[in-house]
Amino acid sequence: MASKRLLASIGAVLAIGTLSAPTASARYFFNFPSPVTPIAHEVLFIHDLFLAIITVIFAGAISVLFYSLFTHRKSKNYTPATFTKPTTKKQWAWSFVPVLTLIFIDYVVLGIPALHSILALANTRDDKLVVVVTASQWKWHYAYPAYGIQFTSTLSTPMDEVYGNAPKDRHFLLEVDHPLVLPTNEKVLIVLKSADVIHSFWVPAFGIKQDAVPGYLRKTWVNIQKPGVYRGQCAELCGVGHAFMPIVVDARTPAAFTRWVASERAAAGVAREAAEKVWTKEALMANGKRVFDSNCAACHQPNGLGIPGTFPPIATEHPFSASKEMLSDLMKRGFYRAGRITEGPIASHIEIVMHGIPGTPMPAFESQLSDTDIASVITFERNAFGNHTGQVVQPASIKALRSKKVR
Amino acid sequence: MSVIDVHGLEEEHHPRGISRWLYTTNHKDIGILYMIFGLTMFLVGGLLAMLIRLELFEPGMKLMHPELYNQVITVHGLVMVFAALMPVTAGMANYLIPMMIGAPDMALPRLNNWGFWLLPPAAVLLVLPWFLQLLGIGNGTIDTGWTIYAPLSIQSGLGVDFAIFAIFLLGLSSTMASINVIVTVLNLRAPGMTLEKLPIFVWSWLNTAFLLIAVFPALLAGAVMLLADRHFGTHFFSASGGGDPILWEHMFWFFGHPEVYILLLPTAGILPHILSTFARKPIYGYKAQVYSFAAISMLSVIVWAHHMFTSGLPAYANIYFMFSTMAISVPVGILFFCWFATIWRGAMTFETPMLFAIGYVVLFGIGGLTGLVLSDAAADQQYHNTYFLVAHFHYALFGGPIMGVIAAAYYYLPKLTGRMYNETLGKWHFWLTMIGFNATFIPQFLLGIDGMPRRIPDYALKFAHLNMASSLGAFTLGAAQLLFVYNVVRTISGAGRAATSQVWEGAHGLEFTLPSPPPYHTFSSAPVIE
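Sequence lines, in order, name chains C and E.
Using the working numbering, the first residue of the first sequence is number 1, and each one after it goes up by one.
Using the working numbering, the first residue of the second sequence is number 408, and each one after it goes up by one.
Just chain C, with the same shape it has in the complex (with noise of 0.2 Å):
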């Protein structure tokens, strides 16, 4: 099995040396994704317009060299020259002859492609649908204020597949809980936010890449040609969790975009009705689990055992060390005693889980998540990982202290 990888992969390289790419299987043909939008169609053009003049020029420029390399050679008594600089007027024209196709490639061969796409990536008027898309540690938050839908799209590829404990599924660290889905054939303008640091939001086949930069609106946007799901990442280095915050676009026809909108919009009712009933633990824990594996396991891990010195552990009776801020701001709140985590107060519990540590990169998960998965992943902490205080809090309860804010 190894060996077999191991073969393929010195067959990849050779591949290319030969550019004999487009009969290998399609996963050695290195191109760019099949591009779906005019923005991508425009820079693969560039990709591989580019692509053919710098083989071009380094076929060349190798083949002078290695001639120079055979040919002039004192092993075969090869007299040196001694020319220094182009001497006559003939000389002289053919030393520009470089410069000035250089200057041709870069400025009309290339230039102008490239000045066609940057502008017209630039416009962004005339869309038909606006997404807010917040960038925020590890997670992207997908909005349509026009209809009034908002999620948390987050990594559902298990750390257990990561840390090599189960078998890797097909799209491994590419798969979301909640896709973003986006009609096709329609000009959507996506609306960049950022809660903490800069992330950048990038799908290959759509050749857009835009940073999204905290305290300010980056606007970019799309024109998807083809229904289908397209896969990438975020491509700014924003912290541990940087290889784990995957973008996963659902585009369907308008028709199916319009179902699926209604469908959403029937399911926030369900999910607001579900916050008013009460719950069982069980249930609580069961939807808690899934809560935390997808928002907190990635800093807190999925065992709760935190990592040392910069994660606090959920399990507790823990020893932990850290920063004397970190265990200041812990003990403040009830969670450290002694060199251990402790079970603190259930209303501090809630404030951590709602507002963040103001300064840490715990985040405030109360625009990020519903009532009930909030009430869901406290319950959850609160009796998993041999934590056995047993207690229960309720969707109604977060609902509460919410209403009370606003007041």
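These aren't lab readings, by the way, just hints derived from the structure by calculation.
It should be emphasised that the depicted structure is a prediction, and the values quoted were computed from it without experimental measurement.
Ideal Cβ positions, reconstructed from N, Cα and C, are used throughout, including at glycine.
Treat the hints with care, as some may be off.
[Said to hold, decoys possible] Label pairs and their calculated CB-CB ranges: (1) C:83 x E:757: 14 to 24 Å; (2) E:832 x C:219: 53 to 63 Å; (3) C:83 x E:447: 34 to 44 Å; (4) C:97 x E:603: 21 to 31 Å; (5) E:603 x C:53: 34 to 44 Å; (6) C:327 x E:832: 53 to 63 Å.
Since the structure of chain C is provided, determine the placement of chain E on it from the hints.
Just chain E, lined up with the frame of chain C:
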């Protein structure tokens, strides 16, 4: 022209043992210190690279946690740029410039000593947080990538503070070295050594020195502002207080882009010497190359935002930075033309320095051409922050400067030690380096085109094969450098046959009129250049 009277000094009169090196103001001693330090840090940075490739060998987290991975890639970058390459080129300047221009020593010898001895503490500061972590203090070293983008660097742990102080020291050291080079070249040339006769290496370093003095302050100012944001409640890089995270990117890249040429120019300067020596033919286009250095230096300070095409600059800013970046291809193209013309119709032999010099031309050619591709603001949407970029800058920085430094090391080692290195080992080193390097980075071009972002500790399954190929290449490349270390150590300890003063049949220049190794004090009376 100033001639310094050193007749009072006795030949070889200097302290012995450790104090010789601690207190030395001798340009050759300091040059050697710089080079040994650079080589050591090259091995440290290389070891970190091996750890990176080991983690990326297969999908799944195997070796380390993501936070340690981020620290390893960051320190790899900082060490290679600031602690390996810059010191080595500064060492070459120190050792070679006075000998090349017929000066008795560098103009500011005590500053020179200080400039070097700031480096080891800076290197220690970069890695110290790892040891502090073992003692339970902090959470490791800087983990923001070598670009230290705010606000990630404001949020991050104490490693960032250590890195900021390391950068202060490195900046101080480089600035002092640059002042010294400029003063020496402008004032201490031997009679007859006019600027038009200055060896091309000296010209390249003169440009480098001016460039360093021009751009390092931007990084240092940025670092002070970052420190203030982290600890004193300012908001230079935070929008909530009226600042702007993009300001850091501008300050960083105003330094960061010219930095590429700071690394590149000294080796682009040594390359014509080597090519000319082994082609037994004079350097072609001396003036064209010198003007190209100046053009590259000037252009390099007005193109920085091509590193920020996806940060949301206005379209017309992107267009400006794209077209100004493309302009750099002209002087770089002229350099290539001159290098080709220097060996054209020569009588070449292929000793190890020549092999590495040709390797430089080929690999840096790939780096330069892919750089042209990256200058395209539209296509850069796709390339930016992917492995295509990683492969590009490794071709530009390993293929150029590191290959050049190694070529120079083999070229001057007999001059420095008086002994010839082992030619067979050198050739093995070259071929393994070429194979290992290309096997590492060609797959990375393809990974980038296929959509793999850089700086991720774990990746999707479709990237698995190429990553494994890249890792195998990297291990070859890493192992090959041990041959180099062995060869250098072997030569320094006196193995190999004695070198003549000219060392190479085709070598020219003042440094080759001196015995190998040169006396402790060179040119006690200034040589006269005809």
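Now for the hints, and whether the structure bears them out:
no., hint, verdict
1, C:83 x E:757: 14 to 24 Å, "holds, 22 Å"
2, E:832 x C:219: 53 to 63 Å, "holds, 58 Å"
3, C:83 x E:447: 34 to 44 Å, "holds, 43 Å"
4, C:97 x E:603: 21 to 31 Å, "holds, 27 Å"
5, E:603 x C:53: 34 to 44 Å, "holds, 37 Å"
6, C:327 x E:832: 53 to 63 Å, "holds, 54 Å"
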